[in-house]
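> The listed protein sequences derive, respectively, from chains A and B. For the first sequence, the tail end lands on 503 under the working numbering, and the numbers increase by one without skipping. For the second sequence, the tail end lands on 503 under the working numbering, and the numbers increase by one without skipping.
Honestly, I wouldn't trust all of these hints.
Identical copies carry no separate label here, and so any pair may be met within one copy or between two of them.
[Claimed, not checked] List of simulated lysine to any residue pairs, SDA-like, C-alpha gap at most 20 Å:
no., residue 1, residue 2
1, K283, P41
2, K283, A45
3, K493, Q26
4, K283, G43
5, K456, L57
6, K493, V39
7, K283, A42
8, K283, V39
9, K456, F185
10, K456, A191
11, K283, A451
12, K381, Y361
13, K493, E468
14, K493, E61
Quick caveat, the hints were computed from the structure, so don't treat them as lab data.
2 protein chains.
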Amino acid sequence: MTANSAYSRLEDRFRRLSAVQGALSVLHWDSAAVMPAGGAEVRGEQIAALSLIAHEQITAPEIADLIEAAATEPLEPWPAANLSEIRRNWRHATAVPADLVEAIARQSHETELTWRSARAANDFASLAPRLQSLLDLVRQVAAAKAEAFGLSPYDALLDEYEAGGRSARIDQLFDELGAFLPDLRARVIERQNALPPALPVEGPFPVEAQRALAERILDVLQFDRAHGRLDVSHHPFTGGVPDDVRITTRYAEADFTRSLMGVIHETGHAQYERGLPKPWRGQPVGNARGMVLHESQSLLFEMQACRTPEFIAFLAPLVRSAFDRRGPAYEAANLQRVYHRVSPGLIRVDADEVCYPSHVILRYRLERAMIAGDLKVADLPGAWNEGMAALLGITPPSDADGCMQDIHWPGGSFGYFPTYTLGAMAAAQLFAAATAADGAILPGIAQGDFKPLLAWLRPHVHEKGSSQTTDEVLIGATGLPLGTAAFKAHLERRYLNG
Amino acid sequence: MTANSAYSRLEDRFRRLSAVQGALSVLHWDSAAVMPAGGAEVRGEQIAALSLIAHEQITAPEIADLIEAAATEPLEPWPAANLSEIRRNWRHATAVPADLVEAIARQSHETELTWRSARAANDFASLAPRLQSLLDLVRQVAAAKAEAFGLSPYDALLDEYEAGGRSARIDQLFDELGAFLPDLRARVIERQNALPPALPVEGPFPVEAQRALAERILDVLQFDRAHGRLDVSHHPFTGGVPDDVRITTRYAEADFTRSLMGVIHETGHAQYERGLPKPWRGQPVGNARGMVLHESQSLLFEMQACRTPEFIAFLAPLVRSAFDRRGPAYEAANLQRVYHRVSPGLIRVDADEVCYPSHVILRYRLERAMIAGDLKVADLPGAWNEGMAALLGITPPSDADGCMQDIHWPGGSFGYFPTYTLGAMAAAQLFAAATAADGAILPGIAQGDFKPLLAWLRPHVHEKGSSQTTDEVLIGATGLPLGTAAFKAHLERRYLNG
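Excised from the complex, chain A in its bound form (with noise of 0.2 Å):
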């Protein structure tokens, strides 16, 4: 292409775009990570600024024409993806006003912080009327979206988290699950209660001890130091943009685990980012393909690699020698009960692989419902803890362990939810293909060596960025579209005969 022509001038613009974008993710990062409490209100000013200049670029008149003129242009087949990347994302911001992308920025940021301090204090009450404002602007998003894709409100915003996802897909999977779970999660629990129980791994464990161990383990999963760094957020979370990926955990002195495994998740959603197609970088095409693939990074080395036995073999000295203790309670065969134990939860981030899809399909319907028109947020409590009652047999004692315990809502991410658990279905679709294709993956996990794993997902998944669809990755990486069937799998060859 000449310098001159449509679609490299679309490059240029999206190019600015992006670094706008790579700011405002900056910006959230510090707000999450760094940020006194007193910056908030001027931080959603910047916020929301930041949020109209990008929405002002990508609605500018001239970028329709160049979309048009670009589209009679001979192109390759990288830049025709991108083109096609650079048109869905117009696409997007063209549907919403203005007017309304900025009300939203400024109303997403101010209730995620009334959130922070509403579900420390199990206020439910002080947390509903902002976001019910927010789920209002949420709606107008959706019903304009909606109108401009001919989609439904939901399938409208669950595209832009997931670029051709849609509900009807995901009730037939869901449906497939929500068959199979209760059945296994029954069978599951039957055994392991037939078992010893699994030794208590107890505190305190010093923060910085387990800061020291996390930071071990980033070295294990070839994180890039030069090019990201680890801090501490409420809610964890993988922020920054590609060179400079920036993931957050959160440490309780009770208890090592889980932070350890949320590291451990981070970094597969900071793999996924590093290995994005470096040509491509600050185009639309480079991007991440959506939202289930990148959780299918982060529960691929969290749930499928690190889960492991072999891991778990690898992991159990680190674990001693980071915290100094002896004894069966921190042998390998013991932490892997730790680690394989089934047991409903009121906490989603907590669950275990095998009751958390219960918790997501939980979220799916409430937020179709909410999006629907057909549950008020003043509602919400209700319906959640009936939710929780059917799906995994418990009632939440309290709104701060129920329908407040997840930052997504009171952000403004409604259409998100799903891909946790369409994303740990291609998780286990993609690690069952990267051990068959090759041998040394699962050796080298034993060895804390994750060059060969890597060097599998890079080729496969990573440098795939978004110049085709998900199926599309996913048929190439393992020769099927996503399906329940490796999860299935997984799940039963794991807890009922690992």
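Using the hints provided, position chain B relative to the given structure of chain A.
Below, chain B alone, put in the same frame as chain A:
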């Protein structure tokens, strides 16, 4: 004013501009305090993009029209002062073409990063080509502004840091100091040599203990942790925005005294930012008046208040406790000898009050020559070393401790240096007026109570924002415009009679 007046619309525009500038300030802090090295390239793109956006915002054609229209509207004094500052900022921005703004943002970012490694390796040759390229761009800016304002190129740069600052007046003030300092320095050193030397205060002082002491001093100085934080960076600075002030320091295990006073220095900057007029947040008139008053506040804390015998007597037991040290070296009398020691040295930021102005005079002369085109970067080391020999009688053994010691030029700041010594003069003038006006200030400092001092500074300096000129603020607070008398009297009192 009605919401639709031209003035009101200008306020909206500048509020948004301020949000972008605040985001830039966070990105700069992040680069210096937490960013992994591999993030530099993409961060450069982010900073360049936001700098260009800010420039586009302020140079948009509507701004010129709105300024013209607002000038015909009846305005109260503060809005009128705000309009005047808006016009000043607009004139500075419109004088420079957009591509030059973007080029200089990128080049100064890259040069600053090169400087970090070049300084560490004492490798001026690796810095020189980048610094020369940056200087070429800065000279283009200076030429453009000079033409627009009818000023000399150097004064045109100076005016951005210090509104109304002119080298003719600086020459006069610096000549007065230049005539006074050599003799003073000789007398101080003669007197000092006749007294027993300060006992050495010898490390190691663990970084964690230094950090804890710094946090304790922040409390003493009324640093508001809900609106600010202290971190570590290569070159200490104050960044962020008034409601989220980020100060930094660097710790050396061998010596706590420099970092401690460095933290006090940055806290003075931070208090100025925090005290800026709250109703004018996000508007130009709500900004700090300029670098002379900014530096006056950091030096008022560091040099005027916290090197008094009263404060050092308060500080000494905190130092003993922080590092678990005893003995005569840690008594107030000896710490005062340490903090009042006069000795010509290589490094500006470590210089004592008596020698510091000579460091500034050297930089002022060199940067004027560079901007005038009379000094090439390649010739800077030689000119630097000659100047050091002439002004302070010492010759740097390396460029790292010579012309590469400061971040300013690699960061693109030319015209900034003189404000340090002008600030020192203003600090002496203000502290003399404050302690004369309120007899409770010094006894408060003796007890670690800075509320009386802040109670005077808030209305007399901080809350003026940019509603008055530097001289107007000084006349209102001290009865006189900026001069050398109070500074000279302070030096004589402390170093000849103290």
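> Next, verify each hint and record whether it holds.
Comparing the hints with the structure gives:
1. K283 to P41: between (35 Å within a copy, 18 Å between copies)
2. K283 to A45: Only across copies: K283 and A45 sit 15 Å apart there, 34 Å inside one copy, limit 20 Å.
3. K493 to Q26: For K493 and Q26, the Cα distance exceeds 20 Å both inside one copy (38 Å) and across copies (52 Å).
4. K283 to G43: between (38 Å within a copy, 13 Å between copies)
5. K456 to L57: Result: close neither inside a copy nor across copies, 41 Å intra and 41 Å inter.
6. K493 to V39: This pair counts as neither: shortest intra-copy Cα distance 40 Å, inter-copy 42 Å.
7. K283 to A42: between (36 Å within a copy, 17 Å between copies)
8. K283 to V39: Close neither inside one copy (29 Å) nor across copies (23 Å); limit 20 Å.
9. K456 to F185: neither (35 Å within a copy, 67 Å between copies)
10. K456 to A191: Answer is neither: 37 Å inside a copy and 66 Å across each miss the 20 Å cutoff.
11. K283 to A451: neither (30 Å within a copy, 59 Å between copies)
12. K381 to Y361: The answer is neither: 25 Å in one copy and 66 Å across copies each exceed 20 Å.
13. K493 to E468: neither (28 Å within a copy, 66 Å between copies)
14. K493 to E61: Neither, since 45 Å and 55 Å both go past 20 Å.
The structure fails hints 3, 5, 6, 8, 9, 10, 11, 12, 13, 14 (numbered hints given earlier, in ascending order).
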